[in-house]
Amino acid sequence: MTLSEVTQIDGIAGDFKVTVKEAPRYVDVEKCIACGKCTEKCPKKVDSEYDAATGKRKAIYVKYAQAVPLKYQIDADACIRLQKPGACGFCEKVCDAGAINFNDTEKIHQLNVGAVVLAPGFEAFDPTDAGVWGFGVYPNVITSLQLERYLSASGPTEGHLIRPSDKRPVNKVAFLQCVGSRDENLCGNGYCSSVCCMYAIKEAVIAKDHVPGLQTTIFYMDMRTHGKEFDLYMERAKEDSGVRFVRCRVNGVEPDGSGGDLRLSYVNEEGRQLEEYYDMVVLSVGLQTPKHVLELAHTAGIKLTADNFAATSDFAPVQTSREGIFTCGAIAGPKDIPQSVVEGSAAAAAVADLLAPARFELTTEATFPQEKDVSREEPRIGVFVCHCGSNIAGTVDVKAVEEYAATLPDVVYVERNLFSCSQDTQEMITKRIREQNLNRIVIAACTPRTHEPLFRETLKAAGLNEYLVEMANIRNHNSWVHTKDPKAATAKAKDLVRMAAAKVTFGDSLKPFAVPITQKGLVIGGGVAGMTAALNLAEQGFAVHLVERTEVLGGNALNLKHTWAGEHVPSQLAKLIDKVTGNDKITIHKGASVTKVDGFVGNFSSTITDRNGATLVIDHGAGIVATGGDAYIPTEYNFDSITGVVTSVQFDKLFELKEQHVKKARRFVFIQCVGSREEGNMYCSKVCCTHSVQSAIALKKENPERNVYILYRDMRTYGQREALYKQARKLGVIFINYELHGKPKVTQNGSVIDVEVWDHVLHRPLKIEADMVILATAIRPQGDAAELGKLYKVPVDKQGFFQEAHAKLRPVDFSTDGMFVAGLAHYPKPVEESIAQALAASARAATLLSKSHISLDAVKATVDEDYCDGCALCVDVCPYNAITLIEKPAKAGGAGGKTIVVNKAQCKGCGLCQGTCPKRGVYVAGFTMKQISAQIQAALAV
Amino acid sequence: MLDTKKVGSVMIVGGGVTGMQAALDLADSGYYVYLVEKSGAIGGAMAQLDKTFPTNDCSM
Amino acid sequence: MSFEPKIVAFCCNWCSYAAADLAGTARMQYPHNVRIIRVMCSGMVHPEFVMDALSQGADGVMVLG
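Chains as they are written, first to last, in the working numbering: chain A, 1 to 942; chain B, 1 to 60; chain C, 1 to 65.
All clues stand as given, with none of them false.
The list that follows gives simulated cross-link-like pairs (lysine-lysine, DSSO-like), each with its CA atoms no further than 30 Å apart:
id	chain 1	residue 1	chain 2	residue 2
1	A	K930	C	K6
2	A	K520	B	K6
3	A	K579	B	K5
4	A	K37	B	K38
5	B	K38	A	K17
6	A	K487	C	K6
7	A	K399	C	K6
8	B	K6	A	K585
9	A	K579	B	K6
10	C	K6	A	K484
11	A	K44	B	K38
12	A	K701	A	K726
13	A	K107	B	K38
14	B	K38	A	K56
The set of hints was computed from the structure by calculation and includes no laboratory data.
Modelling step: build the complete structure from the supplied sequences, incorporating the hints.
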């Protein structure tokens, strides 16, 4: 439901009545074919929201080229006709589909739902009103979002970086961080937006790729690159791309002359006032909750934090203050894409927990018509050539391709479509297949990697086997990469169509096959993440086995006292342990670890071994790895020899116990990044800055007379944690920055500990006398993570943390189907992020476990009994151990001998067997020797 | 709570990357989903981004 | 007319084929002489295919994985 807003939520969890107001689109989505004629004719231009006002759009427009749904809409405020009846109306006249409806009206929908998930996102801080650094006055001061659009191939300049003032190329760009973040005076947003440091680095690197020789400088307070692989990315940006980083306070951006250049003045770390000149200044704008979301929060009746984000508990990070209403993404605090995706899944898990009794009540299986048997028919190929708007047709002479396709053997029908992937074209293709009795289809359009699944559905809808389609990639591999040579591109498009037709001619009907799923989960690791995942799966109704290596549940959280928001960890942990042990769907195996794994998605069987060597085999359909992390034991800063030097975990215990040394001590020094962010361990442990700040606050609160120092490299109190940093400064905690090349020195000097650190301002070493030194030590991966990884065929990264399938879009999935990851096993993170990730892993696992069968792709190795002589060469090369050598069943009149069988559930269709087999005894369905040979022949036919 | 009626459908407000992920996971595990989006198309803020770190993949 | 070679490229669906897609998305311009054949893994490419291509007139064969 687009153009829609929630206006009212009545009822209770499990049974809400929601009122949704749908604004008029003035374009009938059923009729609109997104041809774009209306936009072409529309005389009214306004700033494009999508391009962050760097470009224009018309009053009738489509949000962006790949929009879903790809349907036009009229902006009533800008439309001449809607503002003045009788005027204009050009779009209505040119629309062949008759989709324009100026009389469209607002609609009100009443919907009955069991739960509501709020994921309305954020808006970028708008620096116009505050007049930050001359934004809105000097045209070459732009926001990071605008730069994003300039750098985008779909942006206003098609990826060419030019100056807005004079369209001249840009040679020098400055990025100013924390615009609309960490600044209560100018914008009222005291929190850190968490994502700007990283996106600024990314934009600087990408901009340098676009413009060779471009100089980029990032002016910052603290670089907060605390996410997985972020520090590595920053190092690469520094070392390989040559992005310059300057820690400073900028105090002015002024025009230099009338040419559009900008003069930037700042105070550097040594306290000196400097000036530099730039072509362009980019403001790294923060994230904030938009007004309409505040209204939505009010409508939903949920509580907000002081920073205007949804209030949640660290132990229930997607639950709002109103039962049955959940949040995910930036509404509950600024966060990056991976964390937002994690929370999306986590909210799904929380909803599923609530609504488990009503699962499958309202869903229906898609049904398809009976499949036609085409094995005895002569090929009748239909070719559909896509314009992709102007993406293809702008370069390739699609009409010539259409005419050429008609001359190919067995091609009986050819047609061109503006967008082959649009809903109406899908229906049209279905119709043509029936009408023309087509039994093989070629779609000349974009890449099968994204669109083949769609066209397979189309064939199914027409009663044709879904594998009888082949795509000719005349966009990504042709029109987009040969833009300047339309003639050659047209010739290549013809070749690609010919190759696809040749391949599909030898295509066979293939059946995807179903494998039953063991509807049970296995969770490895009994810490907070593991227990949360197990509990959620159990509450969704699935049986779960929870395996914990030690004799106690709780994991690393047993060492924690408070979350950053001040919630008491031991009591919450005790509650969680009670719930897990009391849930009869959860079987707990303490003192046990996984030692052997067989099977595959839906059908794993893991063997666990306990202390005494007793083994147990557990069958499960999905598995969650939540094995946690390890604490780094420092060797630096004389940790071994000086008793007053302790780790932060040790300090917490001493402080809690009101131990005499701590109680009496007057001078405390915290040293950050011990074992983090240095050669060999180039990652941030994410939690230590906040942890030290919290400890410092506690010390100061207990006795304001104490001197508390925090020696840091970058303070990474990200998100709403920034409030703690501010509080600590207010209480008089002294923060001293050090760099990697000037690490502090810690020595015993009689009864005191001397800490020596380089003072940037005074240009000389500074000596602090301390009673106690607290080392903020790193979180390390489990030493044996890689061994467990090998059992399940899931990888660990360079550091030894488990590697997810995709950093952004599949943050809790492994590349091995059916396996998921959560908690410190994935990367250092605070409790609430571990819990969100655990819920997410549970939701992802539940998408599998809720089904009784899993349907697998039919592109699998297949044995040709006539040719296979059991030489077993393929058995060794198969990377998935899917091939087994067996005795050939003795046929009447034939000898026995050996042959192979393929376990299709384990086979991934890679075809190493096919490439190895000297006898053509095994082939991959959908990519047979015959099909590929035909393609080669067709490629070289002209 | 035990005997109150539970409806097997969910409304998700917001069609950005997080809302879409929630919608997909819920639909895939047997719930009917209404995805409500304020603007004319789903995709949210991520659709505006050019490339994403750490791999510099295209956002689309 | 100058010599225009014909090149057949076998591209793995998961890496090099995806890379070729990405090259398109990034609008990188490259010579038009290459014809890509998608395979599910470069390991699927039987030596016979390479010989086939060369014997049928390809001036070069790439197996990318």
